[in-house]
Each structure stands twice: as structure tokens, then as C-alpha cells.
Amino acid sequence: MGKMVKWAPPFRGEDVEMPDYELIRLERDGAIGRIVLNSPEKRNPLGYKRLLEIAMAAKQFELEDEIKVIIIKGDGPSFCSGYDISPVEPAPNLPENGYINLKRDMLWESYNNEHLRVFYTLWDLQKPVIAQIQGYCLAGGSELAAFCDIRVVAEDAQIGWPVGRHWSPGNIQYMPWMVGMTKAKFYMLTNQPMDGTEAFRSGWASAVVPAEDLEAETEKIARTVSLTDTQLAMLTKRSLNRQHEIMGFRTGIANGTDLLALAELRSSLTGASYYSSESEDEFASRAARDGLKAALTWRDQQYDMEYRTSDRAREGRDDTADSEAEAIAKS
Numbered sequence: 001m002g003k004m005v006k007w008a009p010p011f012r013g014e015d016v017e018m019p020d021y022e023l024i025r026l027e028r029d030g031a032i033g034r035i036v037l038n039s040p041e042k043r044n045p046l047g048y049k050r051l052l053e054i055a056m057a058a059k060q061f062e063l064e065d066e067i068k069v070i071i072i073k074g075d076g077p078s079f080c081s082g083y084d085i086s087p088v089e090p091a092p093n094l095p096e097n098g099y100i101n102l103k104r105d106m107l108w109e110s111y112n113n114e115h116l117r118v119f120y121t122l123w124d125l126q127k128p129v130i131a132q133i134q135g136y137c138l139a140g141g142s143e144l145a146a147f148c149d150i151r152v153v154a155e156d157a158q159i160g161w162p163v164g165r166h167w168s169p170g171n172i173q174y175m176p177w178m179v180g181m182t183k184a185k186f187y188m189l190t191n192q193p194m195d196g197t198e199a200f201r202s203g204w205a206s207a208v209v210p211a212e213d214l215e216a217e218t219e220k221i222a223r224t225v226s227l228t229d230t231q232l233a234m235l236t237k238r239s240l241n242r243q244h245e246i247m248g249f250r251t252g253i254a255n256g257t258d259l260l261a262l263a264e265l266r267s268s269l270t271g272a273s274y275y276s277s278e279s280e281d282e283f284a285s286r287a288a289r290d291g292l293k294a295a296l297t298w299r300d301q302q303y304d305m306e307y308r309t310s311d312r313a314r315e316g317r318d319d320t321a322d323s324e325a326e327a328i329a330k331s
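All residue numbers for the sequence shown refer to the numbering used here, where the first residue is 1 and numbers rise by one.
These aren't lab readings, by the way, just hints derived from the structure by calculation.
Heads up, a few of these hints could be off.
What the hints assert, rightly or not - Listed below are the simulated DSS-like cross-link pairs for lysine-lysine, each with C-alpha atoms no more than 30 Å apart in a straight line:
1. Lys237 to Lys49
2. Lys237 to Lys185
3. Lys220 to Lys237
4. Lys59 to Lys49
5. Lys59 to Lys237
6. Lys42 to Lys293
7. Lys42 to Lys59
8. Lys293 to Lys185
9. Lys237 to Lys183
10. Lys49 to Lys293
11. Lys220 to Lys59
12. Lys42 to Lys220
Here the structure is a predicted model, which means the values were calculated and not measured.
Let the sequences and hints guide you as you build the complete structure.
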């Protein structure tokens with residue numbers, strides 16, 4: 001049985017049953033509500049269902065008067081290894097024939113729209129949201145964190161979009177707003193990761209701390225935020241977000257999504273690969289034939305930079321992947 005909560009207007013206090021969650025865990029600690037991604041054995045990958053659960057949990061905490069601030073964190077050595085790019089089942093209630101070609105895009109178009117709605121749920125939420133980041137924070141994980149209000153990172157965290165080595169991240173080009181155009185182009189064109197220290201230096205992270213202090217420091221920041229009146233915090237967050245939006249934040253991301261939709265239309269009409277990329281065709285072929293880990297290793301072997309976390313971050317764990325290829329392959 002899910003938790004019964006009182007919904008705010010326009011529902012006028014109507015009792016609504018909230019769901020039980022399978023892919024996240026909710027924790028309450030005084031004024032702090034935590035949304036915990038709880039698949040540490042896979043480094044907490046994002047999928048369609050987990051994203052929807054995150055959005056529902058955030059809205060649930062928004063309705064609980066005692067919760068003043070929300071922390072999103074990942075169980076285990078990593079925050080989030082990115083999207084689960086292993087084969088997926090079609091989304092429910094989608095037609096086999098229509099605007100979405102389920103066999104070709106594997107939810108890509110519908111997923112683009114749905115995961116943006118989840119991220120904007122955090123962006124528009126009336127309460128502040130803090131991302132607590134350790135280990136890998138890759139691809140979709142970095143997108144999830146980017147739409148939080150505060151990002152607290154461990155010094156040896158690895159933040160980046162390695163999938164850009166064979167796909168375009170066109171629909172989530174938030175980086176210019178966070179680190180400026182010069183650094184955004186550098187990181188997105190080289191697909192080079194940032195560690196926690198560089199993420200803070202570039203402006204992506206709000207604070208950087210030693211890995212062993214991450215939990216305590218994140219909680220300390222959350223306690224400080226919770227001292228501000230909820231209505232005042234809401235107005236402050238909203239007014240700051242509006243400055244971004246006036247400068248074109250939402251419009252830019254929407255245009256990126258439209259570009260991907262056009263790419264999918266071309267793919268459907270011509271039978272060409274999604275981006276007509278030889279590397280993407282080869283990657284897909286190798287993944288199908290040899291497995292995801294082998295495909296990632298092939299993709300990354302030509303680069304002289306690799307996504308790694310420190311030995312200390314992996315110490316004493318069964319999950320000892322030391323590269324992005326191994327990390328994501330576990331998802």
C-alpha cells in the first residue's frame with residue numbers, strides 16, 4: 001500500500017494514494033527528503049520507469065510540509081552511470097504504427113520528451129533539490145544532476161557525456177548555461193570527463209569535497225537550505241530559474257530535441273542510421289554481436305583519455321570497474 005498524502009490545490013486536500021517505488025528508495029530525516037537510486041550493482045542507470053519514479057517522488061516530497069529540501073543520491077560507489085542502453089521493452093500503450101517507430105528508435109523520441117519532463121519537474125519544483133555526486137556521473141546521470149539546484153561533488157567524481165563519442169547529445173545542451181560556451185565546446189567535442197575539482201572550477205558543481213566527507217557536507221548544506229522559509233526559497237529558486245529562461249534556456253533545449261526528431265524522421269524515411277554515422281553503425285553492430293562492454297571498449301580505444309574513478313572510491317567493493325566501459329556495461 002502506498003502512502004496517503006494530502007494534495008495541494010487545485011485538489012483541495014483530496015486524499016491520493018502514492019505508489020510504492022521499485023527503483024528508488026525514499027528516506028525522511030527531519031526537514032530533508034532523500035530520493036535514493038538503489039541499483040548499486042549496476043551503478044544506478046536511468047531507465048523509463050526509474051525516471052518516472054524520480055518525478056513522482058519529487059512531487060510527493062513537494063506536498064509534504066515537513067520536507068524543506070530534497071537530496072538525490074545514488075547507492076554504492078557511483079551516483080549514476082547514465083542511461084541504460086541495453087535493449088529495452090517498448091513503452092506501454094504506444095501504437096506500433098504512427099509517429100514513433102518502436103523497432104528503430106527504442107523509445108528515443110518518446111523517451112526524449114518524457115525524460116525532459118522529469119528533469120523539468122525538478123527544475124520547476126517548489127522546493128530546492130540537491131544532487132549528491134560520487135563516482136560516475138555520466139550521460140543521463142549528468143543531465144539529472146544538471147537540473148538540480150545545487151550539485152555537491154566528491155573530488156574524485158567523474159562527470160561527463162562519453163556517449164558523445166558515437167551519439168549526439170543534441171537535445172540536452174545545457175552545458176553552455178553552466179560552464180560557458182568555450183568550456184562547453186571543449187568538453188562536448190572532446191568528450192573528456194571532469195573530475196569533481198574541475199567541475200567546481202568550471203562552474204558545473206556548486207561545491208567539491210573529499211569523497212569521505214561527501215555525505216556529511218551534503219547534509220550540512222541541506223540543513224542550511226532548510227532554514228529558509230519554504231515560500232521564500234520557492235520564490236528565490238523560481239526567480240533565478242526565470243533568468244535562465246529569459247536568456248533562452250528552455251528554447252535552446254527544445255530546439256535540440258527538434259533536431260533529434262528531424263534526424264529520426266530522416267532515418268525512418270531513408271533507412272539510414274540515426275545520424276548516418278559510421279561509428280554509430282559499427283557500435284550497434286559490435287554491441288549486438290559481442291556485447292555492450294566490447295562495443296564500448298572498441299569505441300574508447302582510440303581515445304587517450306578514459307573515465308576512471310580513484311582506487312579509494314573502489315576500495316573494498318566487489319564492483320571494481322575502473323572505466324566507463326565497464327561501469328556502463330554493468331547496467
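Hints, verified against the model:
1. Lys237 to Lys49: 27 Å, holds
2. Lys237 to Lys185: 27 Å, holds
3. Lys220 to Lys237: Roughly 19 Å between the alpha carbons, so the hint for Lys220 and Lys237 holds.
4. Lys59 to Lys49: Given that 30 Å is the threshold and the Cα spacing comes to 16 Å, the pair holds.
5. Lys59 to Lys237: 16 Å, holds
6. Lys42 to Lys293: Satisfied, since the Cα-Cα distance of roughly 13 Å is no more than 30 Å.
7. Lys42 to Lys59: 26 Å, holds
8. Lys293 to Lys185: 27 Å, holds
9. Lys237 to Lys183: Measuring from Cα to Cα gives roughly 25 Å; hence the hint holds.
10. Lys49 to Lys293: 23 Å, holds
11. Lys220 to Lys59: At roughly 23 Å apart (the allowed maximum being 30 Å), Lys59 and Lys220 satisfy the hint.
12. Lys42 to Lys220: 28 Å, holds
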